[in-house]
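Protein chains: 4
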Amino acid sequence: MSEKIKIIILGASGYTGAELLRLLLPHPYVEIVGLSAERNAGHRVAEVFPHLGIYDLPALVHIDELDFSKADLVFCALPHGTTQAVIAGLPKHLRVVDLSADFRLRDPQLYAQWYGHEHQALALQREAVYGLTELHRAEIKSARLVANPGCYPTASSLPLIPLLKQKLIETDGIIIDAKSGVSGAGRAVKQNYLYSEVTGGMSAYGVANHRHTPEIEQILADASGRPLRVTFTPHLIPMARGMMATVYTRLRPGKTVAEARAALRAAYDAEPFVHILPEGHLPATHHVAASNHVHISLVPGAVEGQVILLSVIDNLVKGASGQAIQNMNLMYGFDETLALTQAAVFP
Amino acid sequence: MSEKIKIIILGASGYTGAELLRLLLPHPYVEIVGLSAERNAGHRVAEVFPHLGIYDLPALVHIDELDFSKADLVFCALPHGTTQAVIAGLPKHLRVVDLSADFRLRDPQLYAQWYGHEHQALALQREAVYGLTELHRAEIKSARLVANPGCYPTASSLPLIPLLKQKLIETDGIIIDAKSGVSGAGRAVKQNYLYSEVTGGMSAYGVANHRHTPEIEQILADASGRPLRVTFTPHLIPMARGMMATVYTRLRPGKTVAEARAALRAAYDAEPFVHILPEGHLPATHHVAASNHVHISLVPGAVEGQVILLSVIDNLVKGASGQAIQNMNLMYGFDETLALTQAAVFP
Amino acid sequence: MSEKIKIIILGASGYTGAELLRLLLPHPYVEIVGLSAERNAGHRVAEVFPHLGIYDLPALVHIDELDFSKADLVFCALPHGTTQAVIAGLPKHLRVVDLSADFRLRDPQLYAQWYGHEHQALALQREAVYGLTELHRAEIKSARLVANPGCYPTASSLPLIPLLKQKLIETDGIIIDAKSGVSGAGRAVKQNYLYSEVTGGMSAYGVANHRHTPEIEQILADASGRPLRVTFTPHLIPMARGMMATVYTRLRPGKTVAEARAALRAAYDAEPFVHILPEGHLPATHHVAASNHVHISLVPGAVEGQVILLSVIDNLVKGASGQAIQNMNLMYGFDETLALTQAAVFP
Amino acid sequence: MSEKIKIIILGASGYTGAELLRLLLPHPYVEIVGLSAERNAGHRVAEVFPHLGIYDLPALVHIDELDFSKADLVFCALPHGTTQAVIAGLPKHLRVVDLSADFRLRDPQLYAQWYGHEHQALALQREAVYGLTELHRAEIKSARLVANPGCYPTASSLPLIPLLKQKLIETDGIIIDAKSGVSGAGRAVKQNYLYSEVTGGMSAYGVANHRHTPEIEQILADASGRPLRVTFTPHLIPMARGMMATVYTRLRPGKTVAEARAALRAAYDAEPFVHILPEGHLPATHHVAASNHVHISLVPGAVEGQVILLSVIDNLVKGASGQAIQNMNLMYGFDETLALTQAAVFP
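Residue numbers (my numbering), protein chains in the order written: chain G, 1 to 347; chain W, 1 to 347; chain X, 1 to 347; chain B, 1 to 347.
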């Protein structure tokens, strides 16, 4: 471990880019050698992120000004759609963790249906390993290209996977009522995300047509061994960070709440970042803020056979940059928790 | 209409008390003649609510210092549990709009089960009219005692009632995922509701055991003509005001989304405060803030037969004090919308 | 008063436009006959402001599609700089309340210095009456063109004017440390005003060079009878509405705190919207939110001879649209408080 | 360094206690051996701070249940007033970093005047070293008892000290207009600090009589070599963390802005946590959130000779627990920045 791996971040002037920097700066085995930002090319990091101004970091440049020859790994934090062409054009010696949605869906038809255009890098898509760390640890270790999961899929599927794998709950009728902080929308400058439009109120959006739906269904289909459909309703909450998924499920005949709880505990007992809360405790996004942790509760519904799962993450950490680093750690044989062990920031 | 009705507010130093005052002050046919506040007795309104300090209002006194003999109507904004004894002790010439939960549940056993003690004023409970204005307009007009609905029951049931009445949706399996601003918890001084504990994060609470559940079930049972159970999950959102109910339902066999939408429109077309949003529009709590309006959307789910209803109110207005005044207007033959026509405050 | 005055709002899709609509809708003597919004022309009000969607309002059109011939008064809520040409081109029978900064500074050189270009409508500028209602009531009544004051100048100068007029405080060394909610920046879509950039933190901006400085100095020079310079430091606070000015002054030799307090009380005792708080009470922006009221406190400093003035307004109401309507009421001989008597919304 | 120092935290269930834990957990040379919390004695840390529930920490106990004999250092995060008796009663082998105000004022008369009672541990007060790290590094290293500075004094005095030491600014007439997030008030359960009372608005408090005033004056008197008085006005801002001091000063005759800027840079150039921002950049509390950093700007005022200093800290880190750990690091000869190098959390 005498030598540090050399990292390039594409799209470093967005929130996931900033979060990668914040988390990677204290990482002992990483050196950041290049940062791209199309609109902010030519600026220093201090100008787009004053909180990072005190660190010695490369200036932001256009992607074609970067010297990839000396880099080992690229974190790609570019917008959906433009990413696939960029990654297809990168030198093949590079390993890549892609935070966009471009390589998450295995089915090209599904991709075309939800994203409105044919996928431009199908070979890469086939090569890509889906980076939900707790589910695909082995494949991630040897992956060249990791498709880092979306925030909603991460929060929603972690509590469901063990129950589906163990065939404890029905595969139909799963309802995911999800709530996200505003940073999930990125740093895009849109009227909807202005402070005065958001503060003091909440709204639903993308009801029944949010693009994270097929990604969630893909994960859950893998876990249950059969295709399934979920109901997924995202809401925008007046907070910068944080995400909660409230998931409504029904036990299969003969299965019990105790079995469901035991399956959850068994699945995550040894996991460093996924925590099943004690009975009677309900999760709050505060308690995972700025951390890579996931808190999950299971509550029996008032209606017979119903099980309610509640799950919280920080959408920028476990929902994006933290999980990306967790995957990088795996890819290079580092301790998986390196640079990710900070406690949540509360209050 | 030459004479104004004389109003007393019990529990005037809480948020629903303040909201009653804010809304009643410009009401042309109302005179506020008494205000009680146990802990704040002896203080002027300006001391507990500086924003009301410029108005000429009675001082806050102990309830037994009030002269009820000259009053016409009492708004009771006291805590649950203590209310029933207080109202039982009031002179019988008074009409009462009670904002607590004490008279909402018709079934005394259900009351005892959820509130942990026998009801202390069963005769009054039988007399009480449930004050969901749009549903019980006729009975409210002649009521002496109105049990003003809870905020969650108001937001949750308004979109469901027409669909249940028309037997368009299944009565089982209804899931209400509700989100509330913090003022719904009142002005109680508890650690959970401190600014630093709430801001920047959200949480679930009362999952599968919130006391508004039987109230919702009672309304919906009335609408559907048969008992039913619902799943009700409240969440605390970092905003002072506002409430959203996201309601998951399934169409009955043979019924269509178009029929459901038509039923909603038909039910509320003539209502001054309930508005069915145009197709494609989703509600936001901002758009009803500080107003008595309700915005409702119906969205077909991605899963066959599913219908998602979204409903927003201001929990302190249509969810409490506004609906109380709407009921008072009915009780005295005033225009139902008097003092309640203000547009929402946005941003 | 049998006939309503006919109103056109230019720039109706911004926050001050929305606030004009919210406040004017219940006004008994006003009819809104035209609304312009350049980028949103062709849309209904419901599309840009869903909270106003239930009202019967004209659609948004380009300014040159408006029929000014039947209008009586124009509220101009356009951006600074573009306003002067627009107003210069309006038919002369129209009365105008301009909410921009274009006609506030009397000195054309000062205008050119602070705004970076020569004023394009000097004749209009000479005609314009500065609309700080409490200071210029008589001139406003007969004005054709009212230059509605900025939010910072309104909040900052109201507590200072009586003390300067009475020569109780020094004219040099006045320091105004001001704090504003984010809606003061309008609905402009800029990265700085994104929710995630603003929430949970605060910042200073425009230190020693904010364009409201010469406007404040002009008001105070009028009050004191001699030119003066002030120190003005604005800060951006994570709240949608509200503005506070904390003003540091020194008593002139021989003058006392009691005299200063008496002067404040005397000046505003009969004013419907300006309230001097009782000794020991400090203002909070909450207590004037969504209202046209101003709360002012005077506190003797710990240092001999120092007097600290604190003043709060809602920047969108008394700081913009509310004062504009107050001026309109004066211009047409209506009760000055018409449509402006609502209590603040708290919490 | 083979052995870790053993730490006890008194008052661990408040916000500064939680922040000590968050920051100390990854510290390589520290072991937490005891935690007290009077009201929460008997509870696990997970119950009062769920975000710390995944760590292996001692349970919360009454202070008299703690075994001090094996501890090396005590962080005392108890309320003002009660602290002095507690510390006086601790075994003398312990080193103490006290986060209360009890040992900050050297002058017992001043203490009695501002705190309303005679000091109960004058010998200890004489022994205490004031823990503004950048100012008293040498004394802190060998101190047994460190009086950790208040948040306001830290934010306010850091920009002033170099200018006063170099006699560049006048000692009279300094005005500090300060703004604090709500966590500065601690976790005390008071109506003023309820979410619904704070969100969406701001207020001033303690104008001309806040207890941090004499502490600031003591620091500045030390720096300038003569007694002085300041004007200090704190404001409560709707954010959980963060503090800004906007400081108004006047240059002494013949002194220049350039000299002032040079003095600031010279004083803090080698400091790991104090950063003078480049000309034209203004500080924002976001950029130091959850970090031990201080950002300072100097801006020439519009008025001749005036210099405006702006300074931001996180009140819970550099304003409390972070500086306490910085002092602990010094006291034990650790690298002063150990466990304190995290970047700010943004957004």
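Hints should not be assumed to be uniformly reliable.
Claimed, not checked - Result set (SDA-like, lysine to any residue): computed pairs, CA atoms no more than 20 Å apart in a straight line:
no.	chain 1	residue 1	chain 2	residue 2
1	G	Lys190	X	Arg39
2	B	Lys255	B	Thr171
3	W	Lys190	B	His43
4	G	Lys190	X	Asn40
5	W	Lys6	W	Pro28
6	G	Lys141	G	Leu124
7	W	Lys190	B	Asn40
8	G	Lys190	X	Ser69
9	X	Lys190	G	Ala302
10	W	Lys190	B	Ala41
11	B	Lys70	B	Gly89
12	B	Lys70	B	Arg144
13	G	Lys190	X	His43
Hints are computed from structural coordinates only; laboratory data are not their basis.
Here is how each hint holds up against the structure:
no.	hint	result
1	Lys190(G) with Arg39(X)	holds (14 Å)
2	Lys255(B) with Thr171(B)	holds (14 Å)
3	Lys190(W) with His43(B)	holds (18 Å)
4	Lys190(G) with Asn40(X)	holds (15 Å)
5	Lys6(W) with Pro28(W)	holds (12 Å)
6	Lys141(G) with Leu124(G)	holds (17 Å)
7	Lys190(W) with Asn40(B)	holds (15 Å)
8	Lys190(G) with Ser69(X)	violated (37 Å)
9	Lys190(X) with Ala302(G)	violated (46 Å)
10	Lys190(W) with Ala41(B)	holds (19 Å)
11	Lys70(B) with Gly89(B)	holds (16 Å)
12	Lys70(B) with Arg144(B)	holds (16 Å)
13	Lys190(G) with His43(X)	holds (18 Å)
When the structure is compared with the earlier hints, violations turn up for hints 8 and 9 and for no others.
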